[in-house]
Structure formats: structure tokens, C-alpha cells
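Student: Letter by letter, the chains look like this.
Number of protein chains: 4
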Amino acid sequence: MIPDLEGVLYVLPTPFREDRQIDLRGLDSVVEFALRSKVQGLVILGITGEAHKLSDREKVEVVDRVVSRVGRRVPVIAGTGNLSTDVTVSFCKEIERIGVDAAMVLPPKLAKPDDEALVSYYKELSQKVGLPIVVQDEPVTSGIFMGPLLIAKIREQVDAARYLKLEDPPTTTKASKLRSLLGDKIKIFGGLSALYFLEELESGTDGIMTGFAYPEVLVRIYELFVKGQVDEAAAVYYRCLPLIRYEAQPLLGLAIRKQILHRRGIIENPLVRPPGANIDELTKKQLSRLIERLNQTQSDFKF
Amino acid sequence: MIPDLEGVLYVLPTPFREDRQIDLRGLDSVVEFALRSKVQGLVILGITGEAHKLSDREKVEVVDRVVSRVGRRVPVIAGTGNLSTDVTVSFCKEIERIGVDAAMVLPPKLAKPDDEALVSYYKELSQKVGLPIVVQDEPVTSGIFMGPLLIAKIREQVDAARYLKLEDPPTTTKASKLRSLLGDKIKIFGGLSALYFLEELESGTDGIMTGFAYPEVLVRIYELFVKGQVDEAAAVYYRCLPLIRYEAQPLLGLAIRKQILHRRGIIENPLVRPPGANIDELTKKQLSRLIERLNQTQSDFKF
Amino acid sequence: MIPDLEGVLYVLPTPFREDRQIDLRGLDSVVEFALRSKVQGLVILGITGEAHKLSDREKVEVVDRVVSRVGRRVPVIAGTGNLSTDVTVSFCKEIERIGVDAAMVLPPKLAKPDDEALVSYYKELSQKVGLPIVVQDEPVTSGIFMGPLLIAKIREQVDAARYLKLEDPPTTTKASKLRSLLGDKIKIFGGLSALYFLEELESGTDGIMTGFAYPEVLVRIYELFVKGQVDEAAAVYYRCLPLIRYEAQPLLGLAIRKQILHRRGIIENPLVRPPGANIDELTKKQLSRLIERLNQTQSDFKF
Amino acid sequence: MIPDLEGVLYVLPTPFREDRQIDLRGLDSVVEFALRSKVQGLVILGITGEAHKLSDREKVEVVDRVVSRVGRRVPVIAGTGNLSTDVTVSFCKEIERIGVDAAMVLPPKLAKPDDEALVSYYKELSQKVGLPIVVQDEPVTSGIFMGPLLIAKIREQVDAARYLKLEDPPTTTKASKLRSLLGDKIKIFGGLSALYFLEELESGTDGIMTGFAYPEVLVRIYELFVKGQVDEAAAVYYRCLPLIRYEAQPLLGLAIRKQILHRRGIIENPLVRPPGANIDELTKKQLSRLIERLNQTQSDFKF
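Chains as they are written, first to last, in numbering that gives the first Met the number 0: chain A, 0 to 302; chain B, 0 to 302; chain C, 0 to 302; chain D, 0 to 302.
No wet-lab data here; the hints were simulated from the structure. Nothing here was measured: the structure is a model prediction, and the numbers come from that model. There could be a bad hint or two in this list.
Because identical chains share one entry, a pair is satisfied inside a single copy or across any pair of copies.
[Claimed, not checked] DSBU-like, lysine-lysine: derived pairs with alpha carbons at most 35 Å apart: (1) LYS184 x LYS301; (2) LYS152 x LYS284; (3) LYS152 x LYS301; (4) LYS301 x LYS92; (5) LYS226 x LYS127; (6) LYS122 x LYS283; (7) LYS108 x LYS92; (8) LYS108 x LYS301; (9) LYS127 x LYS111; (10) LYS37 x LYS186; (11) LYS92 x LYS284; (12) LYS184 x LYS284; (13) LYS184 x LYS283; (14) LYS111 x LYS283; (15) LYS152 x LYS127; (16) LYS127 x LYS301; (17) LYS92 x LYS226; (18) LYS301 x LYS176.
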């Protein structure tokens with residue numbers, strides 16, 4: 000029995016080889032890197048994992064490899080995309096069998112936002128699948144806006160929907176509203192590339208699901224925060240913000256993140272699958288300068 | 000060698016059984032129905048085919064079944080979705096091997112419309128795959144607007160991109176601009192549920208790809224038109240418009256279409272895979288009344 | 000005291016002169032034309048009225064001219080756009096003073112759909128302004144989707160919000176759901192260029208707000224329908240549908256509508272204010288052919 | 000003759016009184032505050048200025064007051080919204096007469112992005128109005144994506160279009176592409192709440208148009224950068240980033256900015272006109288804590 004989700008759940012990128020096929024050994028390497036960083040769980044097949052650029056077969060390959068590599072050391076959560084109910088159900092059954100611990104489920108691309116249809120979707124899923132569900136509140140990708148009342152309704156009617164990945168800004172006020180509606184009946188995780196990590200924790204979130212290329216820092220911030228050393232957590236966080244923010248650039252972010260992981264020796268090739276922006280010379284230089292400058296600060300941590 | 004595409008290319012729905020699995024015999028039945036109606040080709044895995052609600056495996060199943068049933072009597076075109084370059088390439092290779100005659104390719108969901116990236120996408124596809132390409136200009140689904148100059152650029156740089164499915168209204172003026180830019184170097188097919196079929200033909204299109212539940216009428220309109228009997232074509236078309244328009248209702252359209260095919264005895268179950276609107280009692284009644292009234296008109300054709 | 004709104008409320012275009020300034024005499028002419036056609040009310044400053052391309056001063060000019068020309072022969076409804084609460088309130092006060100009978104209010108462009116904020120908006124408006132309110136459910140323009148439950152909530156909490164302009168398809172099923180939620184506590188008007196006029200009436204709407212260039216036909220259909228002669232209403236409607244549908248073309252529709260009004264001698268200049276598509280030669284020809292063909296049908300009505 | 004635009008052009012908020020009317024004395028106060036901060040110009044009627052929530056009359060009031068208060072000490076740029084060509088032309092003529100130095104022009108909400116229509120729009124404007132034009136590349140508000148080639152085309156065909164406000168991320172790579180296409184024929188200003196200010200300058204921008212509540216810091220960063228003291232500029236920038244980022248929160252940002260200006264004694268009332276999020280208690284507390292922590296750092300500058 001896997002303990003309840005909380006803390007830093009690291010969103011894994013999918014490494015590719017020069018021929019643009021999945022680099023399975025690179026995937027092992029990212030898993031080990033994340034576990035060495037002491038993250039409390041792993042998230043695969045998210046947007047950062049380029050799940051929308053993988054075939055069904057490739058998705059299962061990623062799940063298989065990661066679950067077997069992790070060997071139950073931490074929980075593994077997998078994204079399911081927003082397909083039809085039937086396809087999501089059968090994908091969930093498959094990953095449950097492989098050993099995934101929770102399914103992260105984007106609301107389906109209905110032609111039209113419709114509260115009842117959304118509740119039914121999650122309800123049917125929970126009736127047919129045994130996995131706990133992370134409701135993914137990410138309107139940019141899903142095109143679906145879910146207000147706090149709707150999320151509360153889903154939580155109340157769908158027992159399995161115990162977790163929320165909250166990426167609908169402003170996340171601080173939304174987390175706080177959800178907490179006042181649902182108390183501790185829901186676990187809330189931030190995201191948004193960690194741009195508001197500390198403030199989200201102050202607003203009552205239970206952790207974060209994100210893929211910042213220095214997960215060890217996120218873990219440190221989280222640990223200081225839960226020990227009540229909030230100012231110390233803030234000091235570490237503020238020091239990282241120039242880099243967190245640079246990595247959070249729309250469109251370019253994933254290429255920057257993979258570039259850093261490549262420089263750190265975690266993945267062999269920083270390639271992003273096309274169509275999708277790869278790193279350019281200007282960005283490489285800016286990234287190097289930024290890291291150099293950050294490392295000139297007195298600190299026990301070097302980027 | 001399949002002759003060049005033109006005329007009425009019928010967009011097939013995917014029939015489902017009560018348990019929401021694909022009804023393969025229903026698929027055979029729809030194929031035979033379309034061929035009896037004398038359509039000049041078949042289009043599978045379009046939006047009407049609920050392709051976005053099928054798993055990769057199910058998509059291949061549909062392709063397999065339809066290609067083998069058709070037995071080269073007419074060309075078969077298959078939609079590929081808008082995945083990553085690599086997934087689209089490998090899907091295209093698979094359907095080429097099975098015997099599909101052309102790939103209908105939606106522009107990829109780039110985070111941002113970018114002319115160069117779009118041209119490269121189609122170019123790389125054509126370099127790696129042997130199939131002719133139908134560029135699918137459907138901005139509502141793809142989120143990508145392609146102006147006439149961009150479409151001309153794709154046509155000029157990508158030899159395989161010989162066809163265009165045009166669903167960006169107003170289609171009449173766009174078809175006419177494309178014709179003046181590209182002459183007969185491109186074959187243009189309308190869509191939009193046949194709402195502007197006659198006017199599109201008058202504007203220079205080469206046919207239509209749509210799934211109106213009475214394909215035999217579309218064939219008759221097309222044949223009259225190409226024989227120069229435009230007023231006769233118009234008379235048939237105008238008579239059908241109340242029904243064409245009713246079937247074209249946003250969100251409800253597919254449920255209505257499947258309902259008609261069900262009443263006509265072509266498919267056993269009119270089910271639309273959830274999430275997706277199924278037929279309600281009000282709509283059933285309105286549809287019946289509409290058909291009754293149309294059938295009171297003096298005509299050699301009954302709905 | 001103006002009687003309650005119902006029937007065909009004609010949405011007026013704003014005619015412009017060659018120099019692109021408002022043609023006030025043309026506006027008089029459109030008003031008289033509509034009244035001759037026996038419409039039950041007039042709607043100004045809608046999207047068809049190009050309200051979003053008028054300055055505040057021009058909007059007041061239009062209201063002034065139309066209200067004074069109508070001289071209380073029928074009710075006049077004016078659109079208010081979706082500005083801030085304060086600007087909408089002061090605009091409503093101004094048009095109330097001039098003599099408008101109801102304000103048609105699009106939900107405000109909130110950064111995010113939020114039920115409470117929407118209800119508050121209409122509530123504050125009704126507290127500060129005396130006019131009845133037509134809630135405008137037109138998600139394409141407003142960017143705001145309002146489900147039946149939200150509309151019912153607005154109706155229940157805002158006494159002045161007695162009317163709904165429904166342009167969120169499928170309008171038939173939505174009208175029917177609203178009727179079952181609200182009974183006759185709300186008056187519902189269709190729109191959508193009359194593309195589903197008959198079916199909307201069959202679903203329980205109280206009339207339509209639209210600007211089809213032959214309002215006399217809409218009036219005839221409505222009158223036949225309310226007298227219970229539904230098949231006769233249908234016959235007239237079906238005969239007009241080829242033209243209604245042609246005029247409903249996205250982007251081109253207003254240019255076609257103004258072109259017909261120009262041909263009918265109602266407005267001197269068919270100009271649409273830029274940016275906005277004006278009529279082209281192809282469309283002019285198609286329109287002429289279409290009208291010729293329709294007029295070959297045996298009927299007491301000629302287009 | 001006003002010197003060419005460059006450096007920090009401060010985007011002014013519009014202060015409101017408790018009764019939600021414009022606080023004209025507050026506007027004077029914001030102007031003087033910005034000038035004391037040594038900004039090189041002022042931008043009014045931007046999104047930060049809540050221009051879309053002002054009536055035409057109120058907009059002119061703001062322009063009048065600011066221009067007269069500034070007394071030509073620095074250039075004043077005014078936003079024009081994205082109305083019809085005619086309304087924009089007459090608004091531009093009015094603000095030119097009042098003494099504004101440049102018009103910031105969002106591309107018009109065409110129903111459809113269309114290169115030719117966009118170039119024509121700016122061309123016609125420049126033919127009818129004498130003001131230099133700042134093309135505003137802000138796709139979230141305008142709904143219009145303009146690629147580098149289109150911007151280059153506008154620059155080449157429209158002499159007055161000498162400036163670009165660039166808010167289409169990633170701004171660094173876009174600025175760099177534009178520089179390589181257009182050399183120094185265009186002045187490029189960043190925005191995006193200063194989230195990428197330093198990197199934009201490194202990519203070749205000429206300054207920034209933004210409304211961060213501590214403009215004196217932006218000026219200092221800019222001055223250090225142009226003197227070649229880039230590492231010093233970076234040190235100041237990185238120190239401010241926690242606050243810049245917090246103020247950049249979607250939806251909440253303007254309320255936070257006005258709250259800071261209120262705390263600094265610049266405006267009496269931090270009110271944001273409804274509909275629009277106002278500050279809540281959670282955010283007030285987080286803001287206080289954030290500023291306290293930043294002020295614990297050794298520095299010659301206190302927030």
C-alpha cells in the first residue's frame with residue numbers, strides 16, 4: 000500500500016534519441032536522478048512528458064519502464080490525456096495493471112463546458128477503474144474552466160477523485176477557496192513551473208507537481224516549509240526564482256529544461272519532438288550567463 | 000493505380016454497439032451503403048468518424064476493415080489527427096501498408112501558428128511517407144488559421160500535398176482565391192456538412208468530403224452540376240437544404256446523422272461515444288416532422 | 000407602457016455613406032422598412048448594427064434617431080456591449096432617458112467565466128438602471144459560456160432580466176431545457192440568422208431577434224406558427240432557407256444582408272465599415288442567381 | 000520635437016475613487032511619481048490603465064489630464080484599443096490635437112487573421128493621422144498572432160509604424176528575429192510585467208513598457224545595462240524578481256500593483272473597476288510578507 004501523495008511529485012520529461020525515438024535508458028537515468036533528489040513521487044505522461052506527441056504504444060512503453068525502474072520506491076502517477084471515456088477507461092485499466100498508483104485525468108475536450116457531463120465523466124471513470132484520480136485543472140491545455148464549486152462537486156460525488164493538480168491562476172486564491180469549501184477532503188498540488196510554489200504552500204497546498212530541472216531545491220524548500228522554517232524556505236526559493244522564471248517561458252520552457260538536464264549529465268540528448276521549439280543559440284547563452292551569475296552568490300548550493 | 004480524387008467523397012461515421020465498442024459489421028454496412036450511393040471515394044477517421052475518441056489500435060482496426068471491405072472499388076482517404084511529426088509519420092506508414100490511398104492531415108497543434116513550421120511539417124511528412132496528402136483546413140478543430148498564401152506555399156513546396164479539404168468559411172471566396180493563386184495544381188474539396196455545396200462548386204471546387212446521411216443526393220447534385228445542368232442541381236439541392244441544415248447543427252449534428260442512418264437501416268445503434276451529445280426526444284420528433292414534410296413535396300426522391 | 004416583447008424583433012443594420020459616416024436618413028429608411036414589414040420590435044446596436052465599430056457618440060446618435068423615428072410604434076431594444084459595470088450603467092441610463100424600452104446586455108469580458116461575478120454584474124445593473132434586460136447568450140462574441148443553470152440563476156436573482164437572446168447552439172435543446180427550468184418566467188428569443196427559426200419556435204421560444212433582409216417573411220412564418228398553421232409556416236420557411244442559409248455565411252453575412260437591402264432600395268450604400276468583409280463580385284453573382292432561382296418557384300411571394 | 004522613444008516607458012494605471020469614478024488628482028500623483036522615478040516616457044490607456052473599462056469621454060479626460068500635467072517633460076503614448084478603422088482614426092486625431100506623442104495601436108479584432116487586412120489597417124491609419132505608431136503585439140488581448148514576417152511587412156509598408164510593443168512570448172527569440180529582419184529600423188519594447196526585462200535587453204530591445212509598482216528599479220536596471228554594467232543590472236533585477244513575478248499573476252496582477260501604489264502613498268484608493276479582481280486578505284498578507292523578506296536583504300534600496 001502506497002502512502003498518500005504529498006510533497007514534491009516530479010514531472011518527468013521523456014528523453015528522445017537523435018533519431019527522435021524514446022531513449023529508454025535516458026528515462027531510467029531521469030528516474031534515478033529524481034529519486035536521488037528525494038522527490039516524494041513521479042509524474043509521467045504529462046505535458047512536460049510530451050505525452051501528446053507519443054503513440055499509445057509509446058505511452059505504455061514509458062509507463063512500463065518507469066514503473067519497473069521505480070520498483071515501488073515512490074508512487075508513480077500517469078497522465079491519461081483527454082480522450083473519450085472508453086479510451087481513458089481502457090488506458091487506465093492497462094496502467095493500473097502495470098502498477099501505476101494514480102491516474103492524472105484532464106477533463107475531456109467536450110465541445111462545450113457542461114458541469115453535469117464533467118461530473119459524469121469522472122464518476123464513470125471511478126466506477127470502472129480502481130485507481131485514485133488526480134483531477135487536472137489546466138485550462139490552457141484542456142480548454143475547460145472549472146470553478147471551485149464544480150471541483151467541489153466532483154470531489155463530493157467521486158470518491159476516487161482525491162487529488163487536484165491546480166494550474167488555473169491565480170492558484171493561491173483558488174487553493175484557498177477550495178480549502179474553505181472542502182477542508183482536508185482534497186489534496187491540492189500546484190504546478191505552473193513552480194512560479195508560485197511558496198505562496199501556494201502558504202495558501203494551503205499539499206505539494207507540487209512540476210519538472211524544474213533542479214528538483215533537489217524544490218524538495219529543500221518543501222522540507223523547510225513543513226518544518227515551519229518559512230523564511231529559510233523563502234530565501235532558497237527567491238534565490239532560485241531567476242532560473243525558475245527563465246525555465247517557465249511559454250513555448251521555450253521544455254527545451255530549456257531538457258537543456259539543463261543535458262548539461263547536468265542526466266539525459267544524453269536535449270531534443271524536443273517536433274513540432275515543438277528546440278533550444279537556439281541565444282537561449283543557450285542566456286541560460287549559461289544566468290547560471291554563472293546565480294553561482295556567484297554565496298550559497299551551499301550550486302546550479 | 001487509383002484515379003485522381005474528385006466528386007463526392009463520403010465521410011464515414013464509426014458505428015458503435017450498445018457496449019460502446021466499434022461495430023465492425025456496422026462499418027461494412029456503412030461502406031456498402033455509401034458505395035451503393037455511387038460516391039466516388041470514402042473518408043475515414045475524420046471528426047465525423049469520432050477519430051479523436053478512438054485508441055490507436057481502434058483506428059488501425061477501422062482502416063483495416065474499411066480497406067479490405069472496399070477492395071479498391073473506390074479510393075479510401077484516412078484522417079491522421081494532429082499529433083507529433085513522428086507519430087503521424089509512423090501512422091501514415093501503417094495505413095499506407097494497409098492500402099489507404101491518401102492521408103488527410105490536420106495541421107499540428109503548434110503552440111503558435113508559424114508559417115515555416117507548418118510548411119516543414121508537411122514537407123517532412125511527404126519525404127518520409129509515399130501517400131498523397133489532403134491538407135485539412137479546419138480551424139475550429141486544429142486551432143490553426145491558414146491564409147490562402149500559406150496554403151499556396153505548402154502546395155508549391157510539398158509535391159504530395161495535392162488536395163485540400165476546405166472548411167474555413169466563407170469557403171466560396173477562399174476557394175476562388177486559391178484557384179486564382181494555384182490554378183488546377185490543387186484539388187479543392189468542400190465540407191461544412193454540405194451547407195454551401197452548390198456555391199462551392201460554382202466557386203471552382205472539385206467535390207466535397209462530407210457525411211450527410213443521404214449521400215445519393217449529393218452524388219446526384221454533383222453529377223447534374225458537372226453535366227452543366229446547374230439549375231436542376233440547384234433544385235435538388237434546395238429541396239434538401241432544410242434537412243442538410245438541420246443535420247449541420249453544432250454539437251448535435253453527428254447524433255442526428257447517426258439517427259437517420261439508423262432509421263434507414265444502415266447502422267444498428269445510433270450511439271455517439273461519450274463524451275458527446277446523443278439524440279434526445281425533442282430532436283427525434285423534430286427530425287421526423289421535418290422528413291415527413293419534405294416527403295410531401297412532389298419529387299422522384301423520398302427521404 | 001410598452002407591451003411585452005414577443006414575435007419578430009428586427010435587428011437593424013447601421014447604414015454608412017460612401018465616406019463611412021453613419022447615414023442617418025438611411026437609418027430612418029431601414030426603420031420604416033421594418034415597420035412596413037410588421038415586425039413587433041426593433042433591435043439596434045447589435046453585432047449586425049456594427050456597434051463594436053461605432054464610437055460612444057455615434058451609438059447615442061443611432062439610439063436618438065431610431066427612437067425618435069419609431070415614435071413608440073413598437074418597442075426599441077438597444078445593445079450595450081460588454082464594458083465595465085460603470086460604463087454599461089451610465090450608457091443604460093442615457094438610452095433609458097432617450098426612450099429605449101429594453102437593454103440587451105452581453106456578459107462582460109471577464110478574464111475568466113465565474114458564475115458569481117456574472118450574476119452580480121446583472122444584479123448591480125438592475126439595481127442602478129430601470130430598463131428591462133435582455134441577457135445576450137452569444138458565446139462567440141462574449142467568450143462566455145452560460146449553462147442553463149446559470150441562466151436560471153440570473154433570472155431568479157435579477158428581476159429585470161426577463162428576456163434571453165439565445166444564440167448558443169444547439170438552441171432547440173437549450174430553449175427546451177430553459178423552459179423546463181423556468182416555465183414562462185422568461186421570454187426566449189432565437190437568433191443565429193434564423194437558421195433554426197421554426198425548430199426554435201417548436202421548442203418553445205417566444206420569437207426571434209435577427210436581421211434577415213426579408214423580415215416580412217419572418218413575420219409571416221411567426222404568424223402562421225402562432226395560429227397553429229405549422230405546416231404552412233414550414234412551407235414558407237423551407238422556401239426561404241436557401242437564402243437564409245446563404246446570408247448566414249460567417250464573415251460575409253453582413254455584407255450580403257446589406258447588399259440585399261441596397262438592391263431592395265432600402266439603403267443607398269451597402270458598405271460595411273472596415274475592418275470587415277465587403278461584398279465581392281463572386282458573391283454578388285451567386286446571390287443574384289440564387290434569388291432568380293427562388294423566384295422561379297410558384298409562390299405569392301417574390302424575393 | 001520629442002526625442003525618439005527609448006528606455007523605461009511607464010504604463011500608468013487609472014486610479015478610481017471609492018465611487019468608481021476616475022480620480023484625476025490621483026492621476027496627477029501617478030504622473031509625478033513616475034517622473035520622479037526618472038522614467039523616459041509615459042503610456043496611458045493600456046490594459047493596465049483599464050482602458051477597456053472606460054467610456055470614450057473618460058478616455059479623453061485621461062489623455063487631457065496626463066498631457067497637461069506632463070507638460071512635455073517626457074513623451075506620452077496613448078493606447079487606442081482595437082475598434083474600427085474610422086473610430087481609431089478619429090480618436091487618434093483627437094489625442095494628436097491634445098498633444099499625445101505616439102499612438103499604441105492593437106491590431107483590430109478582425110473575424111480572422113489576415114495579413115493584407117492588417118497591413119492595410121496600419122497603412123490607412125498612418126495616411127490619415129500624423130502620429131507615430133506603436134504596433135502592439137499582444138495576442139492574448141487582440142486575438143491576433145503576428146509572425147515576425149508580418150511585423151516586418153507592416154514596418155516596411157507603414158512609415159509611421161516605427162515602434163513595437165512586444166508581448167508575444169518567447170519575447171527574447173522574437174526580438175532577436177525581428178532585429179535580424181529589420182536591423183535598427185524598428186524600436187522594440189518589451190512588456191510582460193518585466194518578467195524577462197534583462198533577457199529582452201540582452202536580445203536587443205530598446206526598452207520596456209510596463210507598470211511595475213517600483214519604476215525607479217526598472218530605470219536603474221536599464222541605466223546599468225546601457226552603461227555596460229550588465230552584471231550589476233542583473234543583481235538588481237534578480238533581487239526584484241520575487242516581487243515582479245508576484246505582481247505578474249494573471250487576473251490578480253493589477254489589484255496587487257494598485258495595492259502597492261496605495262501603500263506607497265501614490266494613489267488613495269487601490270480599487271479596480273468591476274468586473275475585475277480586487278485584492279483579498281490572503282494576497283494582502285502574502286504581499287506584506289514578501290516585501291518584508293526582500294527588505295531584509297542588504298541593499299541600498301528598500302521596497
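Student: Treating 35 Å as the Cα threshold, decide for LYS184 and LYS283: within, between, both or neither.
Tutor: Intra 44 Å, inter 27 Å, cutoff 35 Å: inter-copy only.
Student: Reference check for the pair LYS152 and LYS301, CA-CA at most 35 Å: within, between, both, or neither?
Tutor: Cα proximity of LYS152 and LYS301: none, with 45 Å in one copy and 46 Å across.
Student: Quick one: LYS184 to LYS284, C-alpha cut-off 35 Å, is that within a copy, between copies, both, or neither?
Tutor: The answer is between: 25 Å across copies meets 35 Å, while 46 Å in one copy does not.
Student: When Cα atoms must be at most 35 Å apart, do LYS122 and LYS283 count as within-copy, between-copy, both, or neither?
Tutor: Close across copies (28 Å), not inside one copy (46 Å); limit 35 Å.
Student: Checking LYS127 and LYS301: alpha-carbon separation at most 35 Å within a copy, between copies, both or neither?
Tutor: neither (47 Å within a copy, 45 Å between copies)
Student: When no copy is specified for LYS301 and LYS176, does a C-alpha distance of 35 Å or less occur within a copy, between copies, both, or neither?
Tutor: Close across copies (33 Å), not inside one copy (37 Å); limit 35 Å.
Student: Indicate which option fits the pair LYS127, LYS111 if close means a Cα-Cα distance not exceeding 35 Å: within, between, both or neither.
Tutor: both (24 Å within a copy, 33 Å between copies)
Student: Evaluate LYS108 and LYS92 at a C-alpha cut-off of 35 Å and name the case that applies: within, between, both or neither.
Tutor: Both. Shortest intra-copy (21 Å) and inter-copy (28 Å) distances satisfy the 35 Å Cα cut-off.
Student: As a check of your reading, is LYS226 near LYS127 (CA-CA no more than 35 Å) within one copy, between copies, both or neither?
Tutor: neither (39 Å within a copy, 52 Å between copies)
Student: How do LYS184 and LYS301 come out at 35 Å by Cα distance, when the copy is not named: within, between, both, or neither?
Tutor: neither (39 Å within a copy, 42 Å between copies)
Student: When no copy is named, should LYS37 and LYS186 be tagged within, between, both, or neither for a Cα gap of at most 35 Å?
Tutor: within (20 Å within a copy, 47 Å between copies)
Student: Within a copy, between copies, both or neither: where do LYS111 and LYS283 come within 35 Å Cα-Cα?
Tutor: Between copies, since 22 Å is at most 35 Å while 41 Å is not.
Hint check: violations occur at hints 1, 3, 4, 5, 8, 11, 16 and 17; the rest are consistent with the structure.
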